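Letter by letter, the chains look like this.
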Amino acid sequence: MNIVTRTAPPPISTLIMRGLFDENPVFRLALSLCPAVAVTTSVKNGLMLGVAVFVVQVLSSVSAALIKNIIIPKIRIPVFTIIIAIWVSIMDMVLAAFFPAVYGEVGLYVKLIVAFAIIISRMELFSMKHDVVPSFWDGFGMGLGFLVAMLLTGAFRELLGNGSILGFQIVDFKPLLLVILPAGGFFTIGLIMALFNWIDLKRGKEPPGGTGCGGCHG
Amino acid sequence: MSTPQTAVDITPPSPREMMRITLGLTIVCLLASAILGGFYLWTEPAKARNVAAREQKLISQLLDLSPSAEVQEIRRYLLWRGSQLKIFYLTPRQLVQFDASGKLLATTEVPEPVREASAPAEKDTWVEANSGANDEDDFRYVGRFFSGIEANQVAGYVIEGEVPGFKTWIRFFVAINSDYSLRGIEIIEHEEDPGLGDQITEPYFKNQYAGRSFDALLGIEVTKDPLPREWRDAVESLGDETGFSEWIVKYADELPSHPDIHAITGATISSVAVTDGVKRSLGNFRKRMDLVEDYL
Amino acid sequence: MAEATVLNDHELLVEGTLPIGPEVIRLVRADDADILIDITGVKSGPEPGSFIVTAAETLSGQDHYLLNIAGSDAAWSIAPSAMAILVSVIISSALINNFVFTRYLGLCCFFGVSRKRDTAIGLGLTYVVVGVLSGVMAWVVQTFALGPLSLDFLQIIAFIGIVACFVQGADMIVKKLNRVLHQKFGIFLMLITTNCIILAVPLLNATNEAGFTEAFGLSLGSGLGFALALFLMSCARERVDMAPVPRVFQGLPVAFILCGLFAMSFLGFSGLSFF
Numbered sequence: 014m015n016i017v018t019r020t021a022p023p024p025i026s027t028l029i030m031r032g033l034f035d036e037n038p039v040f041r042l043a044l045s046l047c048p049a050v051a052v053t054t055s056v057k058n059g060l061m062l063g064v065a066v067f068v069v070q071v072l073s074s075v076s077a078a079l080i081k082n083i084i085i086p087k088i089r090i091p092v093f094t095i096i097i098a099i100w101v102s103i104m105d106m107v108l109a110a111f112f113p114a115v116y117g118e119v120g121l122y123v124k125l126i127v128a129f130a131i132i133i134s135r136m137e138l139f140s141m142k143h144d145v146v147p148s149f150w151d152g153f154g155m156g157l158g159f160l161v162a163m164l165l166t167g168a169f170r171e172l173l174g175n176g177s178i179l180g181f182q183i184v185d186f187k188p189l190l191l192v193i194l195p196a197g198g199f200f201t202i203g204l205i206m207a208l209f210n211w212i213d214l215k216r217g218k219e220p221p222g223g224t225g226c227g228g229c230h231g
Numbered sequence: 009m010s011t012p013q014t015a016v017d018i019t020p021p022s023p024r025e026m027m028r029i030t031l032g033l034t035i036v037c038l039l040a041s042a043i044l045g046g047f048y049l050w051t052e053p054a055k056a057r058n059v060a061a062r063e064q065k066l067i068s069q070l071l072d073l074s075p076s077a078e079v080q081e082i083r084r085y086l087l088w089r090g091s092q093l094k095i096f097y098l099t100p101r102q103l104v105q106f107d108a109s110g111k112l113l114a115t116t117e118v119p120e121p122v123r124e125a126s127a128p129a130e131k132d133t134w135v136e137a138n139s140g141a142n143d144e145d146d147f148r149y150v151g152r153f154f155s156g157i158e159a160n161q162v163a164g165y166v167i168e169g170e171v172p173g174f175k176t177w178i179r180f181f182v183a184i185n186s187d188y189s190l191r192g193i194e195i196i197e198h199e200e201d202p203g204l205g206d207q208i209t210e211p212y213f214k215n216q217y218a219g220r221s222f223d224a225l226l227g228i229e230v231t232k233d234p235l236p237r238e239w240r241d242a243v244e245s246l247g248d249e250t251g252f253s254e255w256i257v258k259y260a261d262e263l264p265s266h267p268d269i270h271a272i273t274g275a276t277i278s279s280v281a282v283t284d285g286v287k288r289s290l291g292n293f294r295k296r297m298d299l300v301e302d303y304l
Numbered sequence: 003m004a005e006a007t008v009l010n011d012h013e014l015l016v017e018g019t020l021p022i023g024p025e026v027i028r029l030v031r032a033d034d035a036d037i038l039i040d041i042t043g044v045k046s047g048p049e050p051g052s053f054i055v056t057a058a059e060t061l062s063g064q065d066h067y068l069l070n071i072a073g074s075d076a077a078w079s080i081a082p083s084a085m086a087i088l089v090s091v092i093i094s095s096a097l098i099n100n101f102v103f104t105r106y107l108g109l110c111c112f113f114g115v116s117r118k119r120d121t122a123i124g125l126g127l128t129y130v131v132v133g134v135l136s137g138v139m140a141w142v143v144q145t146f147a148l149g150p151l152s153l154d155f156l157q158i159i160a161f162i163g164i165v166a167c168f169v170q171g172a173d174m175i176v177k178k179l180n181r182v183l184h185q186k187f188g189i190f191l192m193l194i195t196t197n198c199i200i201l202a203v204p205l206l207n208a209t210n211e212a213g214f215t216e217a218f219g220l221s222l223g224s225g226l227g228f229a230l231a232l233f234l235m236s237c238a239r240e241r242v243d244m245a246p247v248p249r250v251f252q253g254l255p256v257a258f259i260l261c262g263l264f265a266m267s268f269l270g271f272s273g274l275s276f277f
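Chains as they are written, first to last, in our numbering: chain G, 14 to 231; chain C, 9 to 304; chain B, 3 to 277.
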């Protein structure tokens, strides 16, 4: 009945590095982009959504690893979706209750975490094959990768677009208003992706061909 | 979310398996609803409390209230029976009912539990039950304002208003003195574009309304002229460093030489929307106060 | 109910018999129904059986007004027609507030599918159909079940359930009815579940407490906007594939830059208004 084959889990450091750089959900896999562009007009908003995704990713990965032996394999995808929906709803309610000010700005995008391809693909690709502890670290790495991506983009856009970081004015003018405007989000992500590719080239590695949408076709 | 479908089995499952799947999914869904229901019951009161606390803090700031001051909420309701209209005001003490021409119809005492209720929904349910509305009537909550009471004296009012902005609704607070002159405005919720329309929350824009008299404000216009440097410094100084009472003493003479609101560069629509919203809320509030002032 | 329309900034054209004077006319905005709008005059209209009411404040054709005459049962509701609302919601959600370029939704499959024009058109069309149907279904569930029972906290789980069921169901039906069609569009049906727009539309409708017209308009408009964005993007990317792009920008980075350029050009639609 258990069709799942177990493979030895990679070491923790690999799991975290993979999430942060090699398979960074935003800059590499180009998954979960909607909020990455939408809420990163300031570090504060990026941080809020990053933390929400981080928590949901870790909890969902762990939940999937916990129940992988008791669910009927045929309905595992709907069950995964429901698990994510539960954690997202809980996150949504907690944030709305205890952080009303920030929630007002990112509320819709917190709800949309449920449609994030990255979360379910980690559950399906990793948690189904591994135990709770490696699944935790895998979720941790991927979530952290997303969080860092959000912070990086948020800092870049807030600094250049508004001349401030976390609301503290650094310079008294707006160096490049464009990056904070709707269109600027796309430019920022494009530039950071190019930067990742450049780092890869410097390290002597071939950057990924960049077809996009790594998880969309399964 | 993509992997799912490739894994779908082509052969139809047997009735026995179908039952298992249905049962399994039903249990999972019921469990999910139960968990979420539990969390909802836990977070909802906290949410209501936090939202109310945030509002109170904002109102105290806008009206410069001392910690001992009291903030009262007055909620408005309308009841349509066909084209017949009844108007309700819920003050902390009583529910006051008027007809469309402004004639007093009835007052009802508010019982203790409703007065203390933190969730607005509880108050609304009580008002509906006591409004005499039947199933065909259209009864609805339409808005609210607050009065700040300092040592048994009205220190000022805060009106909540909404106006369609560039993208969606802009929700704002307008704080006024008891002579209807404006103390300041605060944007509560908006979805204007970052970098452009979202500047309505910045002191250099929103403080331009401060200190205007009722009549001056109703006639105020939005200009696309750039905001003069020294006037910008003046309006930006209101708030953190200088309280409103100090500020108005210092700059009262300068207000008439800056009769217009200077629009945000690249966001004239948002600037005009806020100005129209403030004007309308203020005008309507004065008319409403003619009715309800004696019952506060 | 007889017709009444906003004629210009201060005048209303009303069908009915001329009232005795401005003092018996009760005109209010539906949102501020307790505040009377001052009436400065009333005169007979261009045609018999109609009259023109002049108001002191500026009236807007997009606002909702209520008019009645004291001492009679005559009442008018002056609001933009359902058709006008529908068209303006569609235009606004497809062009002015295009979901892809100004709200950044649906990006995941946007970049994956916009490489070839054929697939872009296929996904665009499939999305419009599925998006409208699931948007309407979610509206029904929200309006008649979740809303009245105050089960709003189940929104996320209910909407994702509806979308998933719908996509799965549509897939099965199309497969049984027309194999050729399924081979052509089946893959796109599956991609739709990864599209946040399909989930964002019901959530936005629920927050705005939209009526049926608005809900339908938003579903259709967002779908059309997504299809348009996908089509434009695929045309541009087919050309960029031929161009010598610096090594580090190849693939996704340049696609993002392109997308930013489109977003900038869509800014040109802002301020566009109809009716």
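Think of the hints as simulated: they come from the structure by calculation, not from any bench.
Keep in mind the model is a prediction, meaning the values are calculated, not measured.
Certain hints may be false.
Anything over 12 Å on all C-beta distances counts as not near chain C; from chain G, calculated [as the list claims (entries may be wrong)]:
#1 THR54
#2 SER55
#3 PHE111
#4 LEU179
The following residues of chain B were derived to be distant from chain C, with all beta-carbon distances above 10 Å [what the hints assert, rightly or not]:
#5 ARG28
#6 LYS45
#7 ALA147
Here are the computed lysine-lysine pairs in the DSS-like style, where the Cα-Cα straight-line distance is at most 30 Å [said to hold, decoys possible]:
#8 B:LYS118 with B:LYS177
#9 C:LYS287 with C:LYS232
#10 B:LYS178 with B:LYS118
#11 G:LYS187 with G:LYS142
#12 C:LYS131 with C:LYS111
#13 G:LYS87 with B:LYS178
#14 C:LYS175 with C:LYS65
#15 C:LYS232 with C:LYS258
#16 C:LYS175 with G:LYS187
#17 C:LYS258 with C:LYS65
#18 C:LYS232 with C:LYS65
#19 C:LYS111 with C:LYS295
#20 B:LYS178 with C:LYS295
#21 B:LYS118 with B:LYS45
#22 C:LYS287 with C:LYS111
#23 B:LYS45 with G:LYS87
#24 B:LYS118 with G:LYS87
#25 G:LYS57 with C:LYS65
#26 G:LYS215 with G:LYS142
#27 B:LYS178 with G:LYS218
#28 C:LYS131 with C:LYS258
#29 G:LYS57 with C:LYS175
#30 C:LYS287 with C:LYS65
#31 C:LYS111 with C:LYS175
#32 C:LYS175 with C:LYS258
#33 C:LYS232 with G:LYS187
#34 G:LYS142 with G:LYS57
For glycine and all other residues, C-beta sits at the position ideal for the given N, C-alpha and C.
Comparing the hints with the structure gives:
1. THR54: violated (4 Å)
2. SER55: Incorrect as stated: the minimum Cβ-Cβ distance to chain C is 8 Å, not above 12 Å.
3. PHE111: violated (7 Å)
4. LEU179: Nearest chain C Cβ is 15 Å from LEU179 (chain G), so the label holds.
5. ARG28: violated (7 Å)
6. LYS45: Nearest chain C Cβ is 24 Å from LYS45 (chain B), so the label holds.
7. ALA147: It holds; ALA147 (chain B) is separated from chain C by about 12 Å at its closest Cβ, greater than 10 Å.
8. B:LYS118 with B:LYS177: Given that 30 Å is the threshold and the Cα spacing comes to 24 Å, the pair holds.
9. C:LYS287 with C:LYS232: Judged against 30 Å, a Cα distance of about 18 Å means the pair holds.
10. B:LYS178 with B:LYS118: Judged against 30 Å, a Cα distance of about 28 Å means the pair holds.
11. G:LYS187 with G:LYS142: Violated, at roughly 49 Å.
12. C:LYS131 with C:LYS111: With Cα atoms ~24 Å apart, LYS131 (chain C) and LYS111 (chain C) stay inside 30 Å; holds.
13. G:LYS87 with B:LYS178: Cα-Cα ~21 Å, so holds.
14. C:LYS175 with C:LYS65: holds (28 Å)
15. C:LYS232 with C:LYS258: Holds - the C-alpha atoms of LYS258 (chain C) and LYS232 (chain C) are around 26 Å apart, at most 30 Å.
16. C:LYS175 with G:LYS187: holds (23 Å)
17. C:LYS258 with C:LYS65: Measuring from Cα to Cα gives roughly 26 Å; hence the hint holds.
18. C:LYS232 with C:LYS65: Given that 30 Å is the threshold and the Cα spacing comes to 34 Å, the pair is violated.
19. C:LYS111 with C:LYS295: It holds: about 14 Å lies between the C-alpha atoms, which stays within 30 Å.
20. B:LYS178 with C:LYS295: Not satisfied, since the Cα-Cα distance of roughly 65 Å exceeds 30 Å.
21. B:LYS118 with B:LYS45: violated (63 Å)
22. C:LYS287 with C:LYS111: Cα-Cα ~26 Å, so holds.
23. B:LYS45 with G:LYS87: violated (73 Å)
24. B:LYS118 with G:LYS87: Measuring from Cα to Cα gives roughly 33 Å; hence the hint is violated.
25. G:LYS57 with C:LYS65: Since the Cα atoms of LYS57 (chain G) and LYS65 (chain C) sit roughly 22 Å apart, the hinted pair holds (cutoff 30 Å).
26. G:LYS215 with G:LYS142: violated (34 Å)
27. B:LYS178 with G:LYS218: Distance ~48 Å between LYS178 (chain B) and LYS218 (chain G) Cα, so the pair is violated.
28. C:LYS131 with C:LYS258: The hint is violated at about 43 Å.
29. G:LYS57 with C:LYS175: holds (22 Å)
30. C:LYS287 with C:LYS65: Holds, at roughly 24 Å.
31. C:LYS111 with C:LYS175: violated (39 Å)
32. C:LYS175 with C:LYS258: Violated: LYS175 (chain C) and LYS258 (chain C) sit about 37 Å apart, past 30 Å.
33. C:LYS232 with G:LYS187: holds (20 Å)
34. G:LYS142 with G:LYS57: violated (36 Å)
Hints 1, 2, 3, 5, 11, 18, 20, 21, 23, 24, 26, 27, 28, 31, 32, 34, counting from the list given before, are not met by this structure.
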